[in-house]
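*Asks:* Numbering (this note's numbering), first residue to last: 16 to 374.
To be clear, the hints were calculated from the coordinates, so they are not data collected in a lab.
Values in this document were obtained by computation on a predicted structure and should not be read as measured data.
Some hints here could point you the wrong way.
[Said to hold, decoys possible] With a cut-off of at most 20 Å between alpha-carbon atoms, the simulated DMTMM-like pairs for lysine to aspartate or glutamate come out as follows: (1) K212 x D228; (2) K78 x E306; (3) K212 x D231; (4) K79 x E306; (5) K79 x E265; (6) K339 x E265; (7) K79 x D228; (8) K190 x D228; (9) K212 x D224; (10) K142 x D224; (11) K43 x E137; (12) K79 x E137; (13) K44 x E306; (14) K138 x D231; (15) K43 x E265; (16) K43 x D231; (17) K339 x E255; (18) K78 x D307; (19) K190 x E265; (20) K142 x E255; (21) K339 x D231; (22) K138 x E265; (23) K53 x E265; (24) K138 x D307.
[Unchecked claim] Label-pair distances were calculated between CB atoms; the ranges are: (25) L253 x L155: 47 to 53 Å; (26) G115 x K142: 24 to 30 Å; (27) F146 x G204: 18 to 24 Å; (28) G48 x H75: 25 to 31 Å; (29) A213 x A186: 33 to 39 Å; (30) L165 x F45: 28 to 34 Å; (31) V39 x V97: 45 to 51 Å; (32) V205 x T147: 22 to 28 Å.
Virtual Cβ for every residue (Gly too), placed ideally from N, Cα, C.
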Amino acid sequence: MIVLMMAVILTCFGVVMVYSASSVMAAKKFHDGFFFLKRQSLYALIGFIGMGLAMHVDYHVWKKWAVPLFLGTFFLLLLVFVPGIGGTAKGASRWIRLPGFNFQPSELAKVALIMYMAYSLEKRQEKLKQFTSGFLPYMLILGMFIAVLLAQHDMGAALTMLVVAIVMLFAAGTKVQYILGMGLVALPGVCYLVFTKAYRMRRITAFLDPWQDPTDAGFQIIQSWLALGTGGFFGQGLGEGKQKLFYLPEAHTDFILSVLGEEMGFIGVIVIASMFLLLVQRSIRVAIAAEDSFGRFLAFGIASLLGLEAFINMSVVTGLLPTKGIALPFLSYGGSSLIISLCAVGVLLNVSTRMRGTP
């Protein structure tokens with residue numbers, strides 16, 4: 016019940032914050048201050064319906080669909096490169112254009128990866144102690160997904176999928192030395208990806224010293240700090256924030272926590288962070304008490320995904336990590352992220368129906 020409550024409260028509060036963060040910009044750009052509010056409300060409604068349906072579908076059904084969903088999602092990731100189907104924004108090709116809606120297949124890919132790994136880890140758990148037949152095949156499969164995501168200029172989603180997969184492998188019993196060895200082997204490749212792309216290097220330098228370039232690369236994080244600092248302890252009041260007035264880029268999407276901090280203060284940020292912490296903690300309890308290995312890995316993967324995305328977004332907004340295009344689950348504007356996150360919570364809640372106690 017607590018998992019459900021946290022998801023619903025965060026989503027409803029997110030709708031309110033999206034309106035607060037976007038109304039002035041929407042009025043100027045679309046001549047409708049309610050533009051993003053109406054769309055986010057629709058996404059929330061679809062997400063709640065999806066969550067309700069997922070709650071009542073036996074999670075064992077996803078065993079049968081794990082491989083087809085995984086392969087189908089990989090096909091969708093390739094579709095974004097097809098002219099006339101894929102959509103591009105700010106140099107990134109991450110969307111499939113649908114009537115009135117842009118779908119981001121990488122959001123579905125995260126959950127599809129979790130379902131596939133839960134299905135596979137249950138079958139191959141005894142082989143995970145071996146490198147060639149246990150650990151290596153997962154890295155090769157994951158490498159194909161990461162390569163496609165990097166071609167889309169979506170390093171945030173690639174890193175998220177990598178970390179979630181590693182966490183699930185560790186939870187399933189993979190040897191730590193395999194994981195550390197893979198990290199050492201991958202490190203030169205990560206450095207190459209960063210140092211060979213100018214926009215990635217600008218993000219790193221802006222992270223280390225945003226005041227070096229306060230009007231360009233460091234502009235967003237400086238404006239985020241100003242919003243958080245202006246909010247103080249109790250905030251300026253809902254709707255009273257100033258940084259959202261064309262100062263803070265992506266105020267209603269990736270940096271919505273900055274607006275929340277300005278309007279609701281340190282107290283508001285702590286409440287939201289505590290709700291995410293409680294959601295993840297209860298989700299892990301569901302994983303521990305699940306009736307079988309598939310349910311355990313599935314619940315743990317979903318808990319890891321939601322917790323990781325929330326942690327990365329909050330760290331970016333506060334300047335603890337370089338800027339990454341990762342939404343704050345349930346709160347940031349965006350249909351793909353919200354709908355998929357709520358459906359994933361529905362799957363998690365179905366797992367909880369086969370455990371002792373209430374999540």
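*Asks:* Checking each numbered hint in turn, tell me which of them this model violates, lowest number first.
*Replies:* 5, 7, 8, 10, 11, 13, 14, 16, 17, 19, 20, 22, 26, 28 and 31
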